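A.B. asks: Could you build the full structure based on these sequences and the hints that come with them?
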Amino acid sequence: MVLVARRVRQWLEPELYRIIRSGDDGKVIPPLYKSNYPHTVAGRTPDLERIARFGPHVRHILLQNRPSEEIGKILQLCPNVRNLAIWIIHGSCRHLVPILEVLKSLRRLSFDPSYFFQDYYDDWKVPLDLPAFSRLTHLEIINASPHWKKWKKLASMHALTHLALAGIVDGALVERILKECQHLELLVTFYLDKPSMDLQIASKRDLRAVQLRSVTNHLEHWECGARGGEDFWVTAEKVKRQRIEERRPVCAR
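When the letters of the sequence shown are read in order and numbered with the UniProt record's numbering, they come out as residues 1 to 253.
What the hints contain is simulated information worked out from the structure, not anything from laboratory work. For clarity, every value in this text was computed on a predicted model and none was experimentally measured. Here a beta-carbon is modelled for each residue, glycine too, at the ideal position from N, C-alpha and C.
The calculated label-pair distances, taken between Cβ atoms and stated as ranges, are: (1) R227 with K125: 29 to 37 Å; (2) R82 with V28: 14 to 22 Å; (3) P98 with N65: 18 to 26 Å; (4) H95 with D47: 19 to 27 Å; (5) R247 with D47: 51 to 59 Å; (6) E180 with L16: 40 to 48 Å; (7) S92 with R205: 36 to 44 Å.
Subject to a maximum C-alpha distance of 30 Å in a straight line, what follows is the list of computed DSS-like cross-link-like pairs (lysine-lysine): (8) K125 with K104; (9) K179 with K153; (10) K240 with K153; (11) K104 with K153; (12) K27 with K104; (13) K104 with K149; (14) K153 with K238; (15) K153 with K73; (16) K240 with K149; (17) K179 with K152; (18) K152 with K104; (19) K152 with K240; (20) K240 with K179; (21) K34 with K73; (22) K125 with K73; (23) K149 with K125; (24) K179 with K238; (25) K125 with K179; (26) K125 with K153.
C.D. replies: Below you can see the structure in the form of structure tokens.
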């Protein structure tokens with residue numbers, strides 16, 4: 001029985017590491033740290049030896065309020081991650097850029113570029129044309145400032161088909177992104193945890209632009225999507241399809 005239990009554990013444990021989540025709400029899945037002390041997640045040390053054993057099985061990672069050095073070590077142990085959210089990073093992120101570049105399977109990224117690239121003010125171009133971002137198909141930008149000059153490198157991300165702007169979003173910026181980024185199939189805007197103000201933009205005629213009322217509990221929302229549930233990407237796609245259907249001539253339905 002002991003041998004059977006050990007084999008079952010060996011089979012199940014890699015699946016448990018398909019999704020890694022550590023956020024401010026205290027929920028940590030799967031067990032990532034060497035102990036549960038101190039009681040706050042912020043002071044714990046990751047069990048890198050354990051993560052290394054199952055890192056190749058990891059596909060989705062959310063790390064919030066963690067040191068940049070720790071994030072780098074975890075990412076280096078998870079070479080096949082496809083979906084990454086890194087929120088509120090402590091310390092310089094320069095060393096993370098080459099680490100992201102070697103994550104060949106990475107397709108989805110959620111982060112605050114202004115925070116990630118320190119000292120990037122409103123009129124500085126965020127270097128989204130770096131090789132580290134060249135394979136992204138889905139990008140969620142948190143706290144997008146209104147200046148197009150800062151985001152103009154979005155037009156160089158030719159693999160990018162889905163873009164989300166979370167926070168207070170400027171209508172003129174949305175218009176410019178839709179104009180300059182013809183490769184985009186969907187542009188989603190929303191507030192976090194509170195209803196969005198209606199954007200007064202001509203782009204409402206552009207079927208690619210979808211404004212959602214809000215996304216509540218960002219951590220749970222992200223995990224739901226990672227597990228195959230409905231996240232804001234899926235919701236926005238439904239809205240877009242409904243609009244397309246409504247605009248079709250009655251005789252064509």
